[in-house]
Amino acid sequence: MKRGGLELIGYCDSDYGGDAVERKSTSGYIYFLNKAPVSWCSKKQTIVVLSSYEAEYVAGCYAACQGIWLKELLAELKVISGNFVQVRMDNTSAVNLARNPVSHGRSKHIEVKYHFLRDMVNKGRVELSYCKSEEQWADLFTKSVAGDRFEVLKQEIGVVSLR
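Each residue of the sequence shown is one higher than the last, beginning at 1 in my numbering.
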């Protein structure tokens, strides 16, 4: 969504069962207003999921909630306008599940509250798009990353060293 050159874009990601004790996944998202990070989160999911695409779908729901709130806040402040929130995910199965309102056998067990994402996509309030894993800036919030990748992610999200 744009206004006067301003664009709000979110990235969301998840690991799969990263908590070794409870086997719960970690969700993460980051929102940028142009290239400036304005909101980010890393949170352990409240449920145990059965697949990586389900973990990503839950992460997408968390990100959509935050994105809609941010869009409404920025619209109220007359900073930005637009009808939808852009969210980028690196899991095509999760994107397709959110875009397709048909109940699938592989998704019927997902808690109803997480289908908020599907509802917002179908109403045109959230625009989901696939992004390559190399361009997934939310990776930093969901898993440990190797040194080189860590440095790239730090730079992309605008973290600078104070030394």
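Any given hint might turn out to be false.
No farther apart than 27 angstroms at their CA atoms in a straight line, the calculated lysine-lysine pairs in the DSS-like style are these [unchecked claim]:
no., residue 1, residue 2
1, K154, K132
2, K143, K43
3, K24, K35
Okay, the calculated beta carbon distance ranges per label pair [stated by the list, open to error]:
no., residue 1, residue 2, range
4, L77, G147, 37 to 47 angstroms
5, V152, G124, 25 to 35 angstroms
6, R163, E22, 28 to 38 angstroms
Simulated from the structure, these hints should not be mistaken for lab results.
Beta carbons: idealized from backbone N, C-alpha and C, even for Gly.
Taking the beta carbons of L77 and G147, is their distance inside 37 to 47 angstroms? 39 angstroms, holds
Assuming the hint says 25 to 35 angstroms, is it satisfied by the Cβ distance from V152 to G124 or not? 33 angstroms Cβ-Cβ, so the 25 to 35 angstroms window holds.
Consistency of beta-carbon spacing, E22 to R163, with hint 28 to 38 angstroms: 37 angstroms, holds
If you draw a straight line from the CA of K24 to the CA of K35, is it 27 angstroms or shorter? Since the Cα atoms of K24 and K35 sit roughly 31 angstroms apart, the hinted pair is violated (cutoff 27 angstroms).
Agreement of K154 and K132 with the hint, judged by alpha carbon distance not exceeding 27 angstroms: 17 angstroms, holds
Straight-line alpha-carbon gap K143 to K43, limit 27 angstroms: It holds: about 11 angstroms lies between the C-alpha atoms, which stays within 27 angstroms.
Of the numbered hints listed earlier, the single one contradicted by the structure is hint 3.
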